[in-house]
Amino acid sequence: MSLTIATAAVTTNRQPETAIYRATIPAGEPWLMEVKAGQTLRILDLEGNQAVDTLFYSLANPKERYDVQRTLRRQNSVYLSTGSVLYSNLGKPMLSIVADTCGRHDTLGGACAQESNTVRYALEKRYMHSCRDNYLRACVHDGRLGKGDIGPNINFFMNVPVTADGGLTFEDGISAPGKYVDLRAEMDVIVLISNCPQLNNPCNAYNPRPAELLVWN
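So in full-length UniProt numbering, the last one in the sequence shown is 217, and the numbering has no gaps at all.
Just so you know, these hints were derived from the structure itself, not from any lab. Mixed in with the good hints there might be a few duds.
As the list claims (entries may be wrong) - Using 20 Å as the maximum straight-line C-alpha spacing, the simulated EDC-like pairs for lysine to aspartate or glutamate come out as follows: (1) 63 x 149; (2) 92 x 149; (3) 63 x 186; (4) 36 x 186; (5) 147 x 29; (6) 92 x 188; (7) 36 x 142; (8) 147 x 133; (9) 92 x 34; (10) 36 x 64; (11) 63 x 171; (12) 63 x 188; (13) 92 x 186; (14) 36 x 188; (15) 147 x 64; (16) 92 x 64; (17) 36 x 171; (18) 63 x 34.
All of these numbers come straight from a predicted model, not from anything done at the bench.
Build out the structure end to end from the sequences listed, making use of the hints.
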């Protein structure tokens, strides 16, 4: 499987003022929304170096959801960028990345949780806010998803290089203010986001920041 880093920026002429939906996710907070087939979702890194942990589910059947193994195997790469197609656990295309000004997005680092904060950092970090907490907060308020629906996620804008011996390292981000990724929905989807609250590694430059979501027809 390729570890090649995609760096070429692919932009679009979509203008924010023509978006049918525009919202800011506060630093460290969750978000849940629907995007219909044919619409384009933009995730925008407003201030740079903000990890946006994201999951996707079929709106028609939330048991069909983003599958990291199928996605990476189909594209033969551990990173996502322009041209990548996100596949479901039923083998169907869910979304396609049609533009990307960051160049690479992580699929392996996972979402921070009480348990990982304890193992990676220190016992006293257990009760710090985490992405898994964010997912569960959003799920409780929405009612369609639950704890058992939380699986391996995509970390947009997050830099998690794979080492020569197959390990992972959490490094300073490669994004910058205004960088974005555009995803075209190939089916009606539920988008579940944790705008990562992590304070213990450099994925957010130790300082969580807001992110912006835009949708175009």
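Verification of the hints:
1. 63 x 149: holds, 7 Å
2. 92 x 149: holds, 18 Å
3. 63 x 186: holds, 17 Å
4. 36 x 186: holds, 8 Å
5. 147 x 29: Since the Cα atoms of residue 147 and residue 29 sit roughly 18 Å apart, the hinted pair holds (cutoff 20 Å).
6. 92 x 188: The given pair, whose Cα atoms are some 12 Å apart, holds under the 20 Å limit.
7. 36 x 142: holds, 18 Å
8. 147 x 133: holds, 10 Å
9. 92 x 34: Distance ~18 Å between residue 92 and residue 34 Cα, so the pair holds.
10. 36 x 64: Between residue 36 and residue 64 the Cα gap is close to 15 Å, so the pair holds against 20 Å.
11. 63 x 171: Violated: residue 63 and residue 171 sit about 33 Å apart, past 20 Å.
12. 63 x 188: holds, 13 Å
13. 92 x 186: holds, 9 Å
14. 36 x 188: The given pair, whose Cα atoms are some 4 Å apart, holds under the 20 Å limit.
15. 147 x 64: holds, 15 Å
16. 92 x 64: holds, 9 Å
17. 36 x 171: violated, 34 Å
18. 63 x 34: holds, 15 Å
Checked against the numbered hints above, the structure breaks hints 11 and 17 and satisfies the rest.
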